[in-house]
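J.: What follows is each chain in one-letter form.
Protein chains: 2
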Amino acid sequence: MVDIRESIRAWIQENRQEGIKLLKRFVQEASTQGNEKHAQAIVVEKLRQIGLKIDIWEPTMRELRKQEAFVTTRESFEDSPNVVGVLKGRGGGRSLILNGHIDVVPEGDLAQWSEAPYSAVVRDGKLYGRGATDMKGGNVALLLAIQAIQELNISLKGDVIFQSVIEEESGGAGTLACIVRGYKADGAIIPEPTNMKIFPKQQGSMWFRLTINGRSAHGGTRYEGVSAIEKAMNVVTHVLDLEKKRNERINDPLYQHIPIPIPINLGSIKGGSWPSSVPDEVIIEGRMGVAPGEQMSHAKQELQTWIGTLKEKDQWFEQYPVQVEWFGAHWLPSELDVEHELVQTLTKSFQEVKKNDPVIEASPWGTDGGMLTNIGHIPTIVFGPGVTEMAHFPNEYIELNTLFEAAEIIALMMLDWCGVSE
Amino acid sequence: MVDIRESIRAWIQENRQEGIKLLKRFVQEASTQGNEKHAQAIVVEKLRQIGLKIDIWEPTMRELRKQEAFVTTRESFEDSPNVVGVLKGRGGGRSLILNGHIDVVPEGDLAQWSEAPYSAVVRDGKLYGRGATDMKGGNVALLLAIQAIQELNISLKGDVIFQSVIEEESGGAGTLACIVRGYKADGAIIPEPTNMKIFPKQQGSMWFRLTINGRSAHGGTRYEGVSAIEKAMNVVTHVLDLEKKRNERINDPLYQHIPIPIPINLGSIKGGSWPSSVPDEVIIEGRMGVAPGEQMSHAKQELQTWIGTLKEKDQWFEQYPVQVEWFGAHWLPSELDVEHELVQTLTKSFQEVKKNDPVIEASPWGTDGGMLTNIGHIPTIVFGPGVTEMAHFPNEYIELNTLFEAAEIIALMMLDWCGVSE
Chain A
186 MVDIRESIRA
196 WIQENRQEGI
206 KLLKRFVQEA
216 STQGNEKHAQ
226 AIVVEKLRQI
236 GLKIDIWEPT
246 MRELRKQEAF
256 VTTRESFEDS
266 PNVVGVLKGR
276 GGGRSLILNG
286 HIDVVPEGDL
296 AQWSEAPYSA
306 VVRDGKLYGR
316 GATDMKGGNV
326 ALLLAIQAIQ
336 ELNISLKGDV
346 IFQSVIEEES
356 GGAGTLACIV
366 RGYKADGAII
376 PEPTNMKIFP
386 KQQGSMWFRL
396 TINGRSAHGG
406 TRYEGVSAIE
416 KAMNVVTHVL
426 DLEKKRNERI
436 NDPLYQHIPI
446 PIPINLGSIK
456 GGSWPSSVPD
466 EVIIEGRMGV
476 APGEQMSHAK
486 QELQTWIGTL
496 KEKDQWFEQY
506 PVQVEWFGAH
516 WLPSELDVEH
526 ELVQTLTKSF
536 QEVKKNDPVI
546 EASPWGTDGG
556 MLTNIGHIPT
566 IVFGPGVTEM
576 AHFPNEYIEL
586 NTLFEAAEII
596 ALMMLDWCGV
606 SE
Chain B
186 MVDIRESIRA
196 WIQENRQEGI
206 KLLKRFVQEA
216 STQGNEKHAQ
226 AIVVEKLRQI
236 GLKIDIWEPT
246 MRELRKQEAF
256 VTTRESFEDS
266 PNVVGVLKGR
276 GGGRSLILNG
286 HIDVVPEGDL
296 AQWSEAPYSA
306 VVRDGKLYGR
316 GATDMKGGNV
326 ALLLAIQAIQ
336 ELNISLKGDV
346 IFQSVIEEES
356 GGAGTLACIV
366 RGYKADGAII
376 PEPTNMKIFP
386 KQQGSMWFRL
396 TINGRSAHGG
406 TRYEGVSAIE
416 KAMNVVTHVL
426 DLEKKRNERI
436 NDPLYQHIPI
446 PIPINLGSIK
456 GGSWPSSVPD
466 EVIIEGRMGV
476 APGEQMSHAK
486 QELQTWIGTL
496 KEKDQWFEQY
506 PVQVEWFGAH
516 WLPSELDVEH
526 ELVQTLTKSF
536 QEVKKNDPVI
546 EASPWGTDGG
556 MLTNIGHIPT
566 IVFGPGVTEM
576 AHFPNEYIEL
586 NTLFEAAEII
596 ALMMLDWCGV
606 SE
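Top to bottom, those sequences are chains A and B.
Taking our numbering, the leading residue of the first sequence gets 186, the next gets one more, and so forth.
Taking our numbering, the leading residue of the second sequence gets 186, the next gets one more, and so forth.
Any given hint could be a false lead.
[Said to hold, decoys possible] Quick list of the computed label-pair ranges, beta carbon to beta carbon:
id, chain 1, residue 1, chain 2, residue 2, range
1, A, W511, B, I239, 54 to 60 Å
2, A, Q500, B, I239, 50 to 56 Å
3, B, D437, A, V509, 44 to 50 Å
4, B, E260, A, G478, 41 to 47 Å
5, A, V509, B, Q529, 56 to 62 Å
6, B, D437, A, K429, 43 to 49 Å
7, A, W511, B, Q500, 33 to 39 Å
8, B, Q500, A, R201, 38 to 44 Å
9, B, G219, A, G478, 53 to 59 Å
[To be verified] Computed, partial: chain B to chain A, Cβ under 8 Å:
id, residue
10, P291
11, Q297
12, I414
13, G452
14, E470
I should point out that these hints are in silico values taken from the structure, not numbers from a laboratory.
Backbone N, C-alpha and C define an ideal beta-carbon position, used for all residues, glycine too.
The following block holds chain A by itself, in its conformation from the complex (with noise of 0.2 Å):
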C-alpha cells in the first residue's frame, strides 16, 4: 500500500503544470449563473481525457418542481448542463460522490480589482481570478485526484462519482438535479473553499426580501411626506439586532473561532427614482444564516417576528408594515457526527499529507452538501483548498500549494474509502 501512497504523491508533484494550467481555464471561463456552459465544456473535455463515463444534461423545471427543496431565481435551465463523471468500482467497496459546483458570483466593483476578474494571473504561489477560491481550485484537486487513480492504474472497489453542478449559488438546484437523476452513494466531500479545516457541519441560509414603504413628495416639500431611505435605517439597525440575539444563543463548540456563527447579510438595497421626489418605496435583499440543527421554517417565522416589532420602535410601521418575502435560494443546513467514519477517514489522510490534524469547524455558510445530507441521505463533508475569506471578494485567490495537498488528501482517502482491489 505505501507504493500506491507515495506514487499518487509522486504523480501529483509530477502534473503541477497541468493542474495551474487546468485552473487557468477555468477561471478565464466566467461561469455566473446561466453562463456556465463554456466551463462546463473544459469539464467534459477532462473527463473524457482521463476515462470517466460521462453524462451530460440540463436539469428540467418541471422535475425539479416536484421537489420541496427546489428554489430557483432562473424560469429555465436551458444552456446551463450539468456534467457528471462516473468511475466505476470493481465492486465491494464504499461508493463516494465528489461534488463542486461550477457557477461563480458575479466580480462586482471593477475598480477593486487589481487585476481583470477573469485574467487567471498566478503571482507569488497564488491564483488570482472570480472562481479561483471559489470553487474552481477545489475542483481541479477533485480532477487530478481522479486522474491519478486512474493514470497509476489503481483500481478501486467502490464508485467515484464526480459532479460538476451548476446553481451552488443560487441555492442547489444543480445538485438536486444530480439527486432527482439517481446519483446516491455512502460518502460525498465537496471541496468547498474551507483554508483545508473539515466541516462536517454547515450553516444553512436563504434568501429574503423587506419592502419598506415611505410616502412620496416633492423635494423641496419632503416634510410632507416620509423618506422610505430614512424608514429603511431603521430597519437596518433592528435587523443587525435579531443577528445579534441569535448568534448568542449559538454554542456549539465548533462555531467557538467564528466571529458571527450565522450572519444575517443584508446585500442589496434599492429605493426611490427621482432625485427631486422622497422615496417611497425601499427594497432591501439578504440572506439569513441558519444553525446546523436549527429548522428553515423556525428561522422564517422569528426574522418575520422580528420585522414585526419594528412598531414598537417607530409608530410609522404599525400603518405600514415592512412586507417580509422569501425568494430565489435558500440552502438546507446540514450536521454529520463528528465521530462518522467519513470524518475518521478523512482526517487519517489529512494527517498523513499534512504531518498534523485538521481543524473540525462548522461551516459559516450553506453549501450543496445541505442538499446531499437532507434529501439525498449521503453523509457529506465539506473540506477544500481555497481561502474561505476570499470567496466572493475583489482579487480572490487560491494558493496553489494547498489545492495539490488536497488533491493528493483526497485521492488518499479515496483509496481508504472506496477500498482498493488488488
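For chain A, the structure is supplied; the task is to place chain B on it using the hints.
T.: Frame of chain A; chain B shown alone:
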C-alpha cells in the same frame, strides 16, 4: 373698466366645463420626460383655437450647450417640442410672459394611487392625476385667462407670451431655450402650485450623487467585508445634519412658516447586487436646496467639505472617501423685491377676486423662475392654483375652484400690467 373686469369673471364662470375638459385631456397624456409631444399637441390645438401666433420647435443641444446655466439628463430633445403662443399687443404697454411646464414627474409606486395616475377623475371639486397640480392646472388657468381676453375682444397694449415648456422637472432647459430664442418681457408669471401664495423669491436646487464604498465578501463571512449599506447609513445621517445646519441660518421672513426652507432630499439609493454578498458600493442621488441670494457654487462647496468631514466620525472614510458628483439638473435661485410693481399689480388683482390679502412667501423649491430672472433678466413671480403638498405625490389633485380663481386673477392683472387699448 368695471365692465371689462365683470365680463372676464362671467366668461370664466361660463367656461368652467371647457376648462375642466381641457385639464382632463392634459392629465390623460402622461407627459413624463421625453413623452411631452402628445400633451404639447393639445396646447397647439388650443392656441390655434384662441388665435395666437404659434411657435413650435425642438431645442437643440448645439445651441443650449453654449449656455453656462444649461443642464440636462438627456442626449437630445428630438420629439420633445417647446410651444409658444404670442398675443401681440397694440403697442405702448408692458409685456408679460406666462410660463408653464408640460413635463410631469413619474407616477412612483402605483399601489399608493387610489385611481390610475392618468385617469383624471373628478370628485368633490377636485381633479386627480399626475400633473393635475404640477402644473397642468396652472397651465389651463393661463389659457383660460388669455382666451377670455381674446373672446371678449379686449385689446391689450403690451404683448402676452404664453410658453408651454419641456424639462422644468429636470433643470429648465425648455425655458432656457425660450430665452435663447429671443423671448423677452417686462415681467413673468409662472403658475406653479403655490396654494395661491405669491412667491417673489424661489429656492434654487441642484442634483448630486454620492458614491459610498464598502468591501465585498461572502455573506456567510460578512465580518471579513465592509457593508456599503451600513456605511451609507452614516452618510445619510451626516447629510441630514448638514441640512439642519444650513436651515438654521435662514432668517428671511418670507420663509418663516416653512419647516425646512432649503431641504436636502435623498431621492434614490442603490447598491449591492447579490443577497449573499456584502455590498461593496452604494450610490445615493439627491437634491440640495439653495437659498435665494446664495451662490450655487457656495452651496456645492459646503456639501463637498461637509462630506469630507465624515472621516472624523468614521475612520473608514479616511481610506475610502465618499465621492460627490453634481449631475443632471439644477434650478437657479431667484429673488424679486417684494416692492416691485409686478408684485403690487398681482396683489391688487388677487385682492379684487379673493377679497383678502395674499400670502407672500419664498418658495421651497426651484422653478423656471430662476432661468427667467437670472438668465433672461425678467422679473418673475411664481403664483398658481395647485396644491403645493400634492406635487410629486400619489393621488395628486387640484381644487378646480382655485384654478378658475387663478385664471380670473391672472386675466385681470394682464389688463393692469399690459394696459388696455380703448
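J.: Against each hint, give a clear statement of whether it holds in the structure.
T.: Evaluation of the provided hints:
1. The given range of 54 to 60 Å is respected by A:W511 and B:I239, whose C-beta atoms sit roughly 58 Å from each other.
2. For A:Q500 paired with B:I239, a C-beta distance near 54 Å keeps the hint of 50 to 56 Å intact.
3. For B:D437 and A:V509, the hinted distance range of 44 to 50 Å is satisfied, since their beta carbons lie about 46 Å from each other.
4. Between B:E260 and A:G478 the beta carbons are some 57 Å apart, a value that contradicts the proposed interval 41 to 47 Å.
5. Between A:V509 and B:Q529 the Cβ separation comes to about 59 Å, which falls inside the hinted range of 56 to 62 Å.
6. Restraint check, B:D437 to A:K429: a C-beta distance of roughly 47 Å satisfies the suggested window 43 to 49 Å.
7. Checked against the given bound of 33 to 39 Å, the beta carbons of A:W511 and B:Q500, roughly 37 Å apart, stay inside it.
8. At about 42 Å, the CB distance of B:Q500 to A:R201 agrees with the hint of 38 to 44 Å.
9. The beta-carbon spacing between B:G219 and A:G478, approximately 56 Å, falls within the hinted interval of 53 to 59 Å.
10. About 6 Å separates the beta-carbon of B:P291 from the nearest beta-carbon of chain A, less than 8 Å, and the hint is met.
11. Using the Cβ-Cβ criterion of 8 Å, the hint placing B:Q297 at the interface with chain A is satisfied: the shortest such distance is roughly 6 Å.
12. A cut of 8 Å between beta carbons decides the hint on B:I414: the least distance to chain A is about 5 Å, and the hint holds.
13. With a cut of 8 Å, the hint placing B:G452 at the interface with chain A holds, because the nearest CB-to-CB distance is about 4 Å.
14. With a least beta-carbon distance of about 5 Å to chain A, the hint placing B:E470 at the interface is held under the 8 Å criterion.
In the structure shown, a violation is registered for the earlier hint numbered 4 alone.
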